[in-house]
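I would like the entire structure built from these sequences, with the hints used as guidance.
Read off the chains here:
Protein chains: 2
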Amino acid sequence: MSVTELRIAIVGFGKIARDQHVGAIAATPGARLAAVASRNASLPDLPHFATIEDLLEKGPPIDAVSLCTPPQVRRAQAAAALAAGKHVMLEKPPGTGVAELDPLIAMAAEAKHTLFATWHSRCAPAVEPAREWLATRRIKSVHINWKEDVRVWHPGQAWIWEPGGLGVFDPGINALSILTRILPRPVFVTAAELAFPANCQAPIAANLTLTDIGGLPVSAEFDFRQTGPQSWDIVAETDQGQMTLSGGGRRMAVDGKAIAEAPDQEYRELYARFVKLAASGESDVDLAPLRLVADAFLLGKRTIVEPFVD
Amino acid sequence: MSVTELRIAIVGFGKIARDQHVGAIAATPGARLAAVASRNASLPDLPHFATIEDLLEKGPPIDAVSLCTPPQVRRAQAAAALAAGKHVMLEKPPGTGVAELDPLIAMAAEAKHTLFATWHSRCAPAVEPAREWLATRRIKSVHINWKEDVRVWHPGQAWIWEPGGLGVFDPGINALSILTRILPRPVFVTAAELAFPANCQAPIAANLTLTDIGGLPVSAEFDFRQTGPQSWDIVAETDQGQMTLSGGGRRMAVDGKAIAEAPDQEYRELYARFVKLAASGESDVDLAPLRLVADAFLLGKRTIVEPFVD
Numbered sequence: 141m142s143v144t145e146l147r148i149a150i151v152g153f154g155k156i157a158r159d160q161h162v163g164a165i166a167a168t169p170g171a172r173l174a175a176v177a178s179r180n181a182s183l184p185d186l187p188h189f190a191t192i193e194d195l196l197e198k199g200p201p202i203d204a205v206s207l208c209t210p211p212q213v214r215r216a217q218a219a220a221a222l223a224a225g226k227h228v229m230l231e232k233p234p235g236t237g238v239a240e241l242d243p244l245i246a247m248a249a250e251a252k253h254t255l256f257a258t259w260h261s262r263c264a265p266a267v268e269p270a271r272e273w274l275a276t277r278r279i280k281s282v283h284i285n286w287k288e289d290v291r292v293w294h295p296g297q298a299w300i301w302e303p304g305g306l307g308v309f310d311p312g313i314n315a316l317s318i319l320t321r322i323l324p325r326p327v328f329v330t331a332a333e334l335a336f337p338a339n340c341q342a343p344i345a346a347n348l349t350l351t352d353i354g355g356l357p358v359s360a361e362f363d364f365r366q367t368g369p370q371s372w373d374i375v376a377e378t379d380q381g382q383m384t385l386s387g388g389g390r391r392m393a394v395d396g397k398a399i400a401e402a403p404d405q406e407y408r409e410l411y412a413r414f415v416k417l418a419a420s421g422e423s424d425v426d427l428a429p430l431r432l433v434a435d436a437f438l439l440g441k442r443t444i445v446e447p448f449v450d
Numbered sequence: 141m142s143v144t145e146l147r148i149a150i151v152g153f154g155k156i157a158r159d160q161h162v163g164a165i166a167a168t169p170g171a172r173l174a175a176v177a178s179r180n181a182s183l184p185d186l187p188h189f190a191t192i193e194d195l196l197e198k199g200p201p202i203d204a205v206s207l208c209t210p211p212q213v214r215r216a217q218a219a220a221a222l223a224a225g226k227h228v229m230l231e232k233p234p235g236t237g238v239a240e241l242d243p244l245i246a247m248a249a250e251a252k253h254t255l256f257a258t259w260h261s262r263c264a265p266a267v268e269p270a271r272e273w274l275a276t277r278r279i280k281s282v283h284i285n286w287k288e289d290v291r292v293w294h295p296g297q298a299w300i301w302e303p304g305g306l307g308v309f310d311p312g313i314n315a316l317s318i319l320t321r322i323l324p325r326p327v328f329v330t331a332a333e334l335a336f337p338a339n340c341q342a343p344i345a346a347n348l349t350l351t352d353i354g355g356l357p358v359s360a361e362f363d364f365r366q367t368g369p370q371s372w373d374i375v376a377e378t379d380q381g382q383m384t385l386s387g388g389g390r391r392m393a394v395d396g397k398a399i400a401e402a403p404d405q406e407y408r409e410l411y412a413r414f415v416k417l418a419a420s421g422e423s424d425v426d427l428a429p430l431r432l433v434a435d436a437f438l439l440g441k442r443t444i445v446e447p448f449v450d
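Those sequence lines, one after another, are chains A and B.
Read in order, the letters of the first sequence are residues 141 to 450 in the numbering used here.
Read in order, the letters of the second sequence are residues 141 to 450 in the numbering used here.
Since no wrong hints were added, every one of them can be taken at face value.
Copies of the same chain look alike in the list, so a pair counts if it fits in one copy or across any two.
Derived BS3-like pairs (lysine-lysine); straight-line CA-CA distance at most 30 Å:
id : residue 1 : residue 2
1  : Lys155    : Lys441
2  : Lys280    : Lys441
3  : Lys441    : Lys232
Quick caveat, the hints were computed from the structure, so don't treat them as lab data.
See the structure below:
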């Protein structure tokens, strides 16, 4: 395959597309934004289409689509794009269910096209240092504290409260994507409490208890009702001190001493990886974080809390 | 490995162990019931222990355990048995979550011991005839009607209403285990409605919409409140007629004409397979049915219905 630019169309032009994807594509060698498909939004000087079907049928030549739509519609879009011979990048979560990914994985493999289920938080700069540091320590316990104000970070995103929208697990799954990357052994959920607002189909807060085959105690607190300081922290107690991964993976410290810290380049890393994967037609789909969320819903205890009004 | 009898201990001696497992082991060449572990129940002339730990520590020599306990405690029991070098047979559902199976699968593979996650309904006599018949037809739609009276079939089983107990999916997963066996392509859940009694942590009824990569319409109605005639039916409309699989997989008919019917030998088949698997230390763990249930919880719309009192 000759080395050419990967011509990417963004599908779904909401907050995450504008805040992250456009800039990251512009900054990625070998990638170029070639079109936008969105019912409501467009960019100056770029071909624009209302739907992915229109894009694929009438649009300029493209090699790939990056799906930034809500998870509820993404599977059908991914199937259409793969059927049209395009590489596909999925925002997180990769689907509204785990099993819906299987046929997409099979389609991509058969066509030797790339299906890339992204976990942007895994690209936060202190995640790999944390993983390497933990690999040589005996971990005694892990606690996740992931609390943010939904009104600040998800204004008007009604889909997040609909079935399949994940509620507080939309940010919480970022923590789980880091957890499943930095721990040496797979974890699984053993108990969960899910707080559903009386008027919503997705939880606004959740407490999870997890463990691994060795009995490691892992706990997680997710809350969408956090005002004031926001928390995106993972703390591991080890035989060689307390490791703190904070700022959503941007900073790592041991016993309070900074070890790693860098500015966020998560989406640039995702697109650099997408360009590389697409060059060989390889896929990268790790469903471990979504499986943990599905298990939390499956075995969780539900409570009803006061209605949420955006 | 020399040909010897597989000495099996039943762990958890509730309704399913008494109704099915004891008789099936007695009828299976190469298998012998060697002990029982149960807090409350025992069998005459058989070694009895209160817990699986006591069984493994103080019991007679055994080769395998068959876990008939509620799903909430089964993972830890399976891990203990595998660590003690035993083959393990799991009643359905194989766990309270999907991810908890991974470490067990890894343990079994490493030790070359058998982990067998059973789906008894797949052994119903008309399931394989149905699969073979459908394999050469174009399927237009599938409907599952799985409705039974929980008071008749699960008297006093409080665990079924607790987190991880699955509620109506405890029988419903039997239908899904058949569905995922007889259809030519994998299915996934696209929508679900779950009716939770106000006093329960598991649904008493559920409607599912599923499909496959080709867009096959599949629907399922599960209800635990069925009085009068009970329904355990799967109906497939095809280009060559309507196939009905009824009686939980015991009878198959095409356009009303009986094609296959036989008495239930589901558990005998399970134990025959367990003996065979254990002889080579192979495992058989298909998580597809449990994944569908987890996805239904994940993306399902919840409604609250009247409290359930057993």
